[in-house]
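Colleague: Spelled out, the chains give:
Number of protein chains: 2
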Amino acid sequence: MTITAYAAFEPGGKLKPFEYDPGPLGRDEVEIAVEHCGICHSDLSMLNNEWGISEYPFVPGHEVIGTVAARGENVGHLDLGQRVGLGWHAGYCMTCGSCMSGDHNLCATAAGTIVGRHGGFADKVRAQAASVVPLPGIIEGAFAGPLFCGGITVFNPMEQFGLRPTDTVGVIGIGGLGHLALQFARAWGCKVTAFTSSTGKHNEALRLGAHDTINSREAEALEAAAGRFDLIIATVNVKLDWNAYLNTLKPKGRLHLVGATLEPLDLSIFPMLMGQRSVSSSPVGSPAAINRMLDFSARHGIRPVTEHYRFDQANEAMARLESGQARYRIVLSH
Amino acid sequence: MTITAYAAFEPGGKLKPFEYDPGPLGRDEVEIAVEHCGICHSDLSMLNNEWGISEYPFVPGHEVIGTVAARGENVGHLDLGQRVGLGWHAGYCMTCGSCMSGDHNLCATAAGTIVGRHGGFADKVRAQAASVVPLPGIIEGAFAGPLFCGGITVFNPMEQFGLRPTDTVGVIGIGGLGHLALQFARAWGCKVTAFTSSTGKHNEALRLGAHDTINSREAEALEAAAGRFDLIIATVNVKLDWNAYLNTLKPKGRLHLVGATLEPLDLSIFPMLMGQRSVSSSPVGSPAAINRMLDFSARHGIRPVTEHYRFDQANEAMARLESGQARYRIVLSH
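Protein sequence lines correspond, in order, to chains A and B.
Our numbering applies: residue 1 is where the first sequence begins, and numbers increase by one.
Our numbering applies: residue 1 is where the second sequence begins, and numbers increase by one.
No wet-lab data here; the hints were simulated from the structure.
Where is the CB? At the ideal position from N, CA and C, for every residue including glycine.
Among the hints, erroneous ones may be present.
As the list claims (entries may be wrong) - Below, in silico cross-link-like pairs of lysine to any residue (SDA-like), each with a Cα-Cα straight-line distance of 25 Å or less:
hint	chain 1	residue 1	chain 2	residue 2
1	A	250	A	237
2	A	14	A	83
3	A	252	B	165
4	B	252	A	207
5	B	252	A	206
Claimed, not checked - Derived coverage of chain B by chain A (criterion: at least 3 residues anywhere in the stretch with Cβ under 8 Å from a Cβ of chain A; other residues may be distant):
hint	region
6	251-261
7	277-288
8	317-325
Unchecked claim - Partial list, computed: chain A residues near chain B (C-beta under 7 Å):
hint	residue
9	94
10	98
11	100
12	102
13	166
14	264
15	267
16	268
17	276
18	278
19	279
20	281
Isolated chain A, as found in the complex (with noise of 0.2 Å):
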């Protein structure tokens, strides 16, 4: 048997008809049959190679929707023809300290979807099964893909570090994890504020969910909020003035950046020394978080706001995407 996909040849290269054989499917795999994928900047930074470990052809996708086509023989948790999602990791070690309890996105050995891998840019798409997480029957299709990747990535901190429904949480960046980010923090039952560098994305923000928005180009208005927030999530992948918004945190605050910034963070320790503040980071969710997560999702109606577009537009999507117009975030549908 054959994958069809859509692979780059090169760095940087168009997407072009790739078709692969997969082998025989392991014994903890399942093979999904896609019908949607959303697309997040990481597949274009792959794409690119800019954290050189990129190999061609390179076929993007990680926030893949479907349905389990074929199971391996130890696969008795999922049922063929079962609505399943999968996201950054397409199988992990289980059985290292953080598999085993219950971290599975921090193995040290967790396989990335389109690391050394083929993604969802494709008819199918193979996993481990333990990476591969069961899709309730509230979420629709076409708009559940980036919950396993972006949704997840901002999620996964709320958990993580006991944010309270009593908490004022403060969303760095609206985007495609942003605007994700709002609707959680919102339903969570926190005070919610956008900061966002664009005085058109005001409204919208309000219509996610913050309860007011600040200017983050305004120095001002960044210091009027000093001392305001338990949380802050910061979603985007550029150098900001990270000692400005540490002093918007309560005391006992936290910074949570889950943009790959390449530039150190230059921190200033009286901040966070005074304040006994944390600065800290993350990556996706574990599956069982991924489930929490879609659970939560259906229970509020949590949705990515999202643009559409064919798999056989995929050259035309990534552009959008690396356009920085699209909102949030883009899906690709057979």
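Based on the hints, put chain B in the right spot on chain A.
Modeller: Just chain B, lined up with the frame of chain A:
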């Protein structure tokens, strides 16, 4: 009445006898008859006006042990003659969110014992009674002072961040704070490693509670410790290769800095992101935390290793502190 103290009259000046009239005792204050006073590196920083907030004549001393010699009319919870200690803070607003939550040490308007006030290098010192903590009978006064600033500074993060007895703790810098951190972490039930650049401190670190030591000057030794620690407490106030230390943390680990380093922490996001790691800092602890720390110290026989001078040898003692040779904390006594 007058208080007889030792004061510097200019930045970096020698300490000379100094008398001042403290005025009427405040309703919420106590006057402590000073018996002993530890010396902290921040006494030296303040004497030299390194932080730009010193006032002269400057009386150092914020690790004070003595007895209650007088109390204001509102003070009912401390008895005349009761043995007490006074640390970095000599007063709190008592009504802000931090104070009302028991986090007096994070009160934005807390008064520093030697910031705009005269400290404990004196026969008497005054402070808001709420900031003065009774000393358990079993703790010898001559060895108690260093617990009130150096001790609580390293004990506090163990409490605040939920250190578990099953955790592995690293302590960077075996000096006034670090030698207490080793003792606390060992008594806490943890696996304890001392990072030290001084080979001469290897055996001393083991005696103080470390299970092993790592020579922090050996890059290979740091690399070999990858993924080992749940918590690292850095007690140094110089810039180290923080990213190398981040790599020695387990997933979910925390690098906690209690030294006031002036250089920015040029942290790389990737070791934080991949392992969901945190970097944080904190000041001293609240009076309630100091109380628990003293009880814990009494139960476990935790005691600073000290060198002793008389108050009239204060300049000699400060020079000894500045030399970096003191093992590990200096205490002045009358």
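Colleague: Each hint should be assessed against the structure and marked as holding or not.
Modeller: Hints versus structure:
1. A/250 - A/237: 24 Å, holds
2. A/14 - A/83: 30 Å, violated
3. A/252 - B/165: Holds, at about 23 Å.
4. B/252 - A/207: 34 Å, violated
5. B/252 - A/206: Since the Cα atoms of residue 252 of chain B and residue 206 of chain A sit roughly 33 Å apart, the hinted pair is violated (cutoff 25 Å).
6. 251-261: Since 8 is at least three, the answer is holds.
7. 277-288: Since 7 is at least three, the answer is holds.
8. 317-325: violated (count 0)
9. 94: 15 Å, violated
10. 98: 5 Å, holds
11. 100: 12 Å, violated
12. 102: 11 Å, violated
13. 166: 12 Å, violated
14. 264: Result: holds, 4 Å to nearest chain B Cβ.
15. 267: Residue 267 of chain A check passes; min Cβ-Cβ to chain B is 5 Å, inside 7 Å.
16. 268: Constraint on residue 268 of chain A satisfied, holds at 6 Å.
17. 276: 4 Å, holds
18. 278: 4 Å, holds
19. 279: This hint holds: residue 279 of chain A lies near chain B, its Cβ roughly 5 Å from the closest one there, short of 7 Å.
20. 281: Holds: closest Cβ of chain B sits about 4 Å from residue 281 of chain A, inside 7 Å.
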